[in-house]
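Chemist: Okay, here's what each chain looks like letter by letter:
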Amino acid sequence: MPNKSQSTLSADANEYSNPFKNSRVSKMNKVMPVLLFLCAIVSVLTTIGIVVTLLSETINFFKVVPIQDFLFGTKWSALIEPQRFGILPLLTGTLMITTIAIVVALPIGLASAIYLSEYAPDKVRRIIKPILEVLAGVPTIVYGYFAISIITPVIQFIFPGAGVYNALSAGIAVGIMIIPMICSLSEDAMSAVPRSLRDGAYALGATRFEVALKIVVPAAFSGIVSSAVLAFSRALGETMIVSLAAGSTPTLTFNPLDSIQTMTAYIVQVSLGDVARGSIEYGSIFAVGMTLFIFTFLLNILAQYISRRFREEY
Amino acid sequence: MNIFQDANRQQIANRRLKDHLLHTLFLLATSVGIIALTVLIIDIIIDGWAHLSPDLFTNFPSRKAENAGMKSGLIGSLYILLILIPLSFVMGVGAAIYLEEYAPKNKFTRLVQLNISTLAGVPSIVYGILGLALFVRMLGLEKSLISGALTMTLLVLPVIIVASQEAIRAVPRSRRDASFALGATKWQTVSRSVLPSSIPGILTGVILAVSRAIGETAPLIIVGASTYVAFLPQSLTDAFTAMPIQIYNWISRPQVEFKDLGASAIIILLAILILLNISAVIIRNRYQKKF
Numbered sequence: 001m002p003n004k005s006q007s008t009l010s011a012d013a014n015e016y017s018n019p020f021k022n023s024r025v026s027k028m029n030k031v032m033p034v035l036l037f038l039c040a041i042v043s044v045l046t047t048i049g050i051v052v053t054l055l056s057e058t059i060n061f062f063k064v065v066p067i068q069d070f071l072f073g074t075k076w077s078a079l080i081e082p083q084r085f086g087i088l089p090l091l092t093g094t095l096m097i098t099t100i101a102i103v104v105a106l107p108i109g110l111a112s113a114i115y116l117s118e119y120a121p122d123k124v125r126r127i128i129k130p131i132l133e134v135l136a137g138v139p140t141i142v143y144g145y146f147a148i149s150i151i152t153p154v155i156q157f158i159f160p161g162a163g164v165y166n167a168l169s170a171g172i173a174v175g176i177m178i179i180p181m182i183c184s185l186s187e188d189a190m191s192a193v194p195r196s197l198r199d200g201a202y203a204l205g206a207t208r209f210e211v212a213l214k215i216v217v218p219a220a221f222s223g224i225v226s227s228a229v230l231a232f233s234r235a236l237g238e239t240m241i242v243s244l245a246a247g248s249t250p251t252l253t254f255n256p257l258d259s260i261q262t263m264t265a266y267i268v269q270v271s272l273g274d275v276a277r278g279s280i281e282y283g284s285i286f287a288v289g290m291t292l293f294i295f296t297f298l299l300n301i302l303a304q305y306i307s308r309r310f311r312e313e314y
Numbered sequence: 001m002n003i004f005q006d007a008n009r010q011q012i013a014n015r016r017l018k019d020h021l022l023h024t025l026f027l028l029a030t031s032v033g034i035i036a037l038t039v040l041i042i043d044i045i046i047d048g049w050a051h052l053s054p055d056l057f058t059n060f061p062s063r064k065a066e067n068a069g070m071k072s073g074l075i076g077s078l079y080i081l082l083i084l085i086p087l088s089f090v091m092g093v094g095a096a097i098y099l100e101e102y103a104p105k106n107k108f109t110r111l112v113q114l115n116i117s118t119l120a121g122v123p124s125i126v127y128g129i130l131g132l133a134l135f136v137r138m139l140g141l142e143k144s145l146i147s148g149a150l151t152m153t154l155l156v157l158p159v160i161i162v163a164s165q166e167a168i169r170a171v172p173r174s175r176r177d178a179s180f181a182l183g184a185t186k187w188q189t190v191s192r193s194v195l196p197s198s199i200p201g202i203l204t205g206v207i208l209a210v211s212r213a214i215g216e217t218a219p220l221i222i223v224g225a226s227t228y229v230a231f232l233p234q235s236l237t238d239a240f241t242a243m244p245i246q247i248y249n250w251i252s253r254p255q256v257e258f259k260d261l262g263a264s265a266i267i268i269l270l271a272i273l274i275l276l277n278i279s280a281v282i283i284r285n286r287y288q289k290k291f
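Chains as they are written, first to last, in our numbering: chain A, 1 to 314; chain B, 1 to 291.
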């Protein structure tokens, strides 16, 4: 490091006599951080954009439709007269799909995670993990096709009363879609449990199953729960499978064989038609989207909180 | 004593049996995913193989299934990628460099970081709503190619940022120090030493983002991709369609011929995705440097 007098000297000489100083290089060095900062700001602006657009259009919507009708109304008929905007049918539809999906995916995903992390030999892991990655990369529209061409006929064969569009078929397809997510996130959590804990249990004579269930799963519990919450949030926002397989009749029902409509499927249905700006249907997209956004946002925050707050440190 | 030992043996045998049973059960659960993938692929190939013909690439959509193709969808998806890749690459890598190399460790940086991970969890349909309000209406771009491409760019940005951050973080401190020791400025160090060594990881992230963008349907429906486009977009503000939109349109129809046509379009979509994934794996294995 130069001392003080030297540094003032070189500062004086800086502009004209430093033969190593390239003006273009130093300009880039000053300009680039600003440009890069702007890039990073885009993501913040995206979030602000999402919140502001959803909020402003939702407020406009609530000027026409009273907020209590929206929250507690039991009838949703936005596209047919008389128009009614009670979100409950869309909400129960959405929750039914996500519940079925979690019931399908959680046991299978967890069991696969335990198998991969505790039982599988290295060779098998190296084959199965890429397959699960492929499964995670399949576009949701393809799962939608899978639902209507395979799952629905099977369901109709087992339950002859089931409709062409039913919640069960869509729910199972969404469940298959989120298996890789639960499996890989839970497996990450389980692999993070240190070897020594397992060895301790094995030394006491525990079987692999006992090690998995009584040592590894409790130690990785926060990661497992947060993977389930994230998968739930993903299922909540799933769109194409439900618009293809679950139907478009918003009914307040708890029968999984009925045709229902989810929040996302409603937004797609409205968007496929031609909606004039400022119309009440246009506003309803934002009100429903806002509801969906709040749900998924809270779930994501919850997942992050769980994985940080309840993490076992080793 | 003997009785005690026998009881013990019995207990151990039970526990072993339980272990074996559950081993099988876990293995079965794992195979569910694999079976589902196999059934899905076989089903799609059975339904779609017959309709797989060059017409699919060269014909526009039509009311008659035997004449219908998805030229406009293929070209539409291609145009979207041509806009999306450079935009999201520059912005995503730029944001990652800022966060990893320049950002001060303060509250604001942590907020930006938290924001990116939250954005990755926002449902794609919400991006569609943002695109509808921002690009289609507020900026007056209407239901156009550019509205769709910009919406998709925002959607894939978090994927690229996170992947690039990981790649940049993996470059060891010593590389930067070596560059600084040679008298390089911060930007010279970042652009000529850090970036080149992290480019394989970044490319893998970009490929993942591209495969996400190719298959994403919902946001494009919300920003108004048309389901019936019998021309190619000539400018950025023309109406457009994309591959998954065309597939959605076909498989949501009641006629079996259109459903099968949708299946053959899915074969093409999956083939493209598999090629992308393979190239990502190749890049990862061949160019990834171990530091």
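Simulated from the structure, these hints should not be mistaken for lab results.
Misleading hints may appear alongside valid ones.
Unchecked claim - Which chain B residues face chain A? A few, computed with CB under 7 Å, are given here:
(1) Leu99
(2) Tyr102
(3) Asn106
(4) Val194
Stated by the list, open to error - Keeping only pairs whose Cα atoms sit at most 27 Å apart, straight-line, the calculated DSS-like set for lysine-lysine is:
(5) Lys63(A) - Lys75(A)
(6) Lys186(B) - Lys27(A)
(7) Lys143(B) - Lys71(B)
(8) Lys143(B) - Lys30(A)
(9) Lys107(B) - Lys18(B)
(10) Lys186(B) - Lys64(B)
(11) Lys123(A) - Lys214(A)
(12) Lys186(B) - Lys30(A)
(13) Lys27(A) - Lys105(B)
(14) Lys18(B) - Lys214(A)
(15) Lys71(B) - Lys186(B)
(16) Lys129(A) - Lys214(A)
(17) Lys107(B) - Lys30(A)
(18) Lys18(B) - Lys129(A)
(19) Lys18(B) - Lys123(A)
(20) Lys105(B) - Lys186(B)
To be verified - To list a few chain B residues with every Cβ distance to chain A over 12 Å, as calculated:
(21) Trp49
(22) Ala50
(23) Leu52
(24) Phe60
(25) Arg63
(26) Gly94
(27) Ala96
(28) Gln113
(29) Ser117
(30) Leu119
(31) Lys143
(32) Arg169
(33) Leu232
Note that CB positions come from ideal geometry on N, CA and C, so glycine has one too.
Chemist: With reference to the structure, classify each hint as holding or not holding.
Modeler: How the hints compare with the structure:
{"no.": "1", "hint": "Leu99", "in the structure": "6 Å, holds"}
{"no.": "2", "hint": "Tyr102", "in the structure": "5 Å, holds"}
{"no.": "3", "hint": "Asn106", "in the structure": "13 Å, violated"}
{"no.": "4", "hint": "Val194", "in the structure": "12 Å, violated"}
{"no.": "5", "hint": "Lys63(A) - Lys75(A)", "in the structure": "19 Å, holds"}
{"no.": "6", "hint": "Lys186(B) - Lys27(A)", "in the structure": "12 Å, holds"}
{"no.": "7", "hint": "Lys143(B) - Lys71(B)", "in the structure": "19 Å, holds"}
{"no.": "8", "hint": "Lys143(B) - Lys30(A)", "in the structure": "39 Å, violated"}
{"no.": "9", "hint": "Lys107(B) - Lys18(B)", "in the structure": "51 Å, violated"}
{"no.": "10", "hint": "Lys186(B) - Lys64(B)", "in the structure": "61 Å, violated"}
{"no.": "11", "hint": "Lys123(A) - Lys214(A)", "in the structure": "26 Å, holds"}
{"no.": "12", "hint": "Lys186(B) - Lys30(A)", "in the structure": "9 Å, holds"}
{"no.": "13", "hint": "Lys27(A) - Lys105(B)", "in the structure": "25 Å, holds"}
{"no.": "14", "hint": "Lys18(B) - Lys214(A)", "in the structure": "14 Å, holds"}
{"no.": "15", "hint": "Lys71(B) - Lys186(B)", "in the structure": "47 Å, violated"}
{"no.": "16", "hint": "Lys129(A) - Lys214(A)", "in the structure": "25 Å, holds"}
{"no.": "17", "hint": "Lys107(B) - Lys30(A)", "in the structure": "23 Å, holds"}
{"no.": "18", "hint": "Lys18(B) - Lys129(A)", "in the structure": "26 Å, holds"}
{"no.": "19", "hint": "Lys18(B) - Lys123(A)", "in the structure": "24 Å, holds"}
{"no.": "20", "hint": "Lys105(B) - Lys186(B)", "in the structure": "17 Å, holds"}
{"no.": "21", "hint": "Trp49", "in the structure": "14 Å, holds"}
{"no.": "22", "hint": "Ala50", "in the structure": "15 Å, holds"}
{"no.": "23", "hint": "Leu52", "in the structure": "15 Å, holds"}
{"no.": "24", "hint": "Phe60", "in the structure": "20 Å, holds"}
{"no.": "25", "hint": "Arg63", "in the structure": "18 Å, holds"}
{"no.": "26", "hint": "Gly94", "in the structure": "3 Å, violated"}
{"no.": "27", "hint": "Ala96", "in the structure": "8 Å, violated"}
{"no.": "28", "hint": "Gln113", "in the structure": "9 Å, violated"}
{"no.": "29", "hint": "Ser117", "in the structure": "7 Å, violated"}
{"no.": "30", "hint": "Leu119", "in the structure": "6 Å, violated"}
{"no.": "31", "hint": "Lys143", "in the structure": "10 Å, violated"}
{"no.": "32", "hint": "Arg169", "in the structure": "15 Å, holds"}
{"no.": "33", "hint": "Leu232", "in the structure": "22 Å, holds"}
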